[in-house]
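Participant: The lines below spell out each chain.
There are 2 protein chains.
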Amino acid sequence: MTSSFLWTLRSFKHFVNGSSICQAGPVEKRGRGRRPAAQVRGEILDAAGKLLLDEGMGAFTIERVAAEAGASKTTIYKWWASKGALALDGYFHAVESTLAFPDTGDIERDLLTQIRAFARLLTRTRAGRVIAELIGQAQTDEDLAAALLEHYSGPRRQLAVAAMERARERGELAAGVDFEVVVDQLWGACYHRLLLPNLPITEKFATSLVRNVLRGIRA
Amino acid sequence: MTSSFLWTLRSFKHFVNGSSICQAGPVEKRGRGRRPAAQVRGEILDAAGKLLLDEGMGAFTIERVAAEAGASKTTIYKWWASKGALALDGYFHAVESTLAFPDTGDIERDLLTQIRAFARLLTRTRAGRVIAELIGQAQTDEDLAAALLEHYSGPRRQLAVAAMERARERGELAAGVDFEVVVDQLWGACYHRLLLPNLPITEKFATSLVRNVLRGIRA
Chain A
1 MTSSFLWTLR SFKHFVNGSS ICQAGPVEKR GRGRRPAAQV RGEILDAAGK LLLDEGMGAF
61 TIERVAAEAG ASKTTIYKWW ASKGALALDG YFHAVESTLA FPDTGDIERD LLTQIRAFAR
121 LLTRTRAGRV IAELIGQAQT DEDLAAALLE HYSGPRRQLA VAAMERARER GELAAGVDFE
181 VVVDQLWGAC YHRLLLPNLP ITEKFATSLV RNVLRGIRA
Chain B
1 MTSSFLWTLR SFKHFVNGSS ICQAGPVEKR GRGRRPAAQV RGEILDAAGK LLLDEGMGAF
61 TIERVAAEAG ASKTTIYKWW ASKGALALDG YFHAVESTLA FPDTGDIERD LLTQIRAFAR
121 LLTRTRAGRV IAELIGQAQT DEDLAAALLE HYSGPRRQLA VAAMERARER GELAAGVDFE
181 VVVDQLWGAC YHRLLLPNLP ITEKFATSLV RNVLRGIRA
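Chains A and B, in that order, are what the protein sequence lines are. At position 74 of the first sequence the residue is numbered 74 (full-length UniProt numbering), and the sequence of numbers has no breaks. At position 29 of the second sequence the residue is numbered 29 (full-length UniProt numbering), and the sequence of numbers has no breaks.
Derived by calculation from the structure, the hints in this document are not laboratory data. Bear in mind the structure is a predicted one, so any value in this text is a computation, not a measurement. Careful: at least some of the hints might be erroneous.
[What the hints assert, rightly or not] Covered stretches of chain A (in silico footprint by chain B; criterion: 3 or more residues with CB under 8 Å from a CB of chain B, positions within the stretch not fixed):
{"no.": "1", "segment": "74-83"}
{"no.": "2", "segment": "188-194"}
{"no.": "3", "segment": "210-217"}
Glycine residues also receive a C-beta, built at the ideal position from the N, C-alpha and C atoms.
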């Protein structure tokens, strides 16, 4: 299972830049009537992401996703070339919605919300093992590494840096701080515990991360 | 090369707890005369560590180490069961000496010294690629993961936490701070850039890590 998933990741770049974004397409029949293609696609991605995060790659099949989404296998294969392609798209779809970056105008509150959501995703769903194995495999797979940087960690870095830049404009954060470094000290610290799990990722850990870096640890 | 090295890592626990620590043993002839066994062993580890960090696992052979250390292959095989066992011991030997934790009585200075040394090790030697591949492989290899946690990341965490506890006793660091979390925000942040290299590990990065967490990033 894992190997076919990873195989797909190797062609992730092509896949992401390719045909997976569907603006128009077929319609699907279901008990409650015909649905627009965009809706069908969204429901397939919802089902794929949920199955992946709830049960992991071992339980992930096109048949299960089709059944959960009320779509045909033919429709799924029209938009995704393989099971792995669908899994990857479903994974990012699920993670993206869970990890939306809040903007309440209070950076401490927004960082706490975001890091706690990330910690929960890593520990209470299969996402933690999925992403840990992907990062692990990327250490000896250049194509996978490039795809992860370009489509996963790069865009997620940008969202966090942008949020901190807005906070600086509001006068909440200090001039001269490199927010890219702060990303490594918040999300990177979580990946450290995910990949070298000497200690668990907890709600308290997430809270301490934000507290330490915002206020400093000096006496 | 990598696979045989990793294979050895799987039996790392046995190896570390086993026969590799030599207190007495044979003596070795060399141009300048007979050397005590402990000295021979130290020179073999020096040569093994240097070869590994300078040239990587691809160039690592028992023959090369024997030649560099002025020892016989027979002597090396008396103490290390395989090339991988010697490589692993040499790696930790080399890393340990590079990453000694200074204790000058000034925690900011000591953290800067230590993190900068770690950053240099990861970027200017092969150690970065070696440890990245080990952590990567550990994501799907439970024995390797256990060995890394017990013999690598666990002991290194303890050194850092102990240094920060001494600083707190001196009144430099705040009460109530969980120093284990700070480890994730300093060394863990470096591993994040090592494993997901969107941005490089630089001297400036190392400096910013310490600055951010000690002083905080608030305006």
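Participant: Take the hints in turn and mark each one as holding or not.
Facilitator: Hints, verified against the model:
Given as covered by chain B, the segment 74-83 of chain A fails the check, having 0 residues with a CB less than 8 Å from a CB of that chain where 3 are the minimum. Judged by the Cβ-Cβ criterion of 8 Å, the segment 188-194 of chain A is covered by chain B as claimed, because 6 of its residues qualify and three suffice. Taking a C-beta to C-beta cut-off of 8 Å, the segment 210-217 of chain A contributes 6 residues in contact with chain B, enough for the three needed, and the coverage statement holds.
When the structure is compared with the earlier hints, a violation turns up for hint 1 alone.
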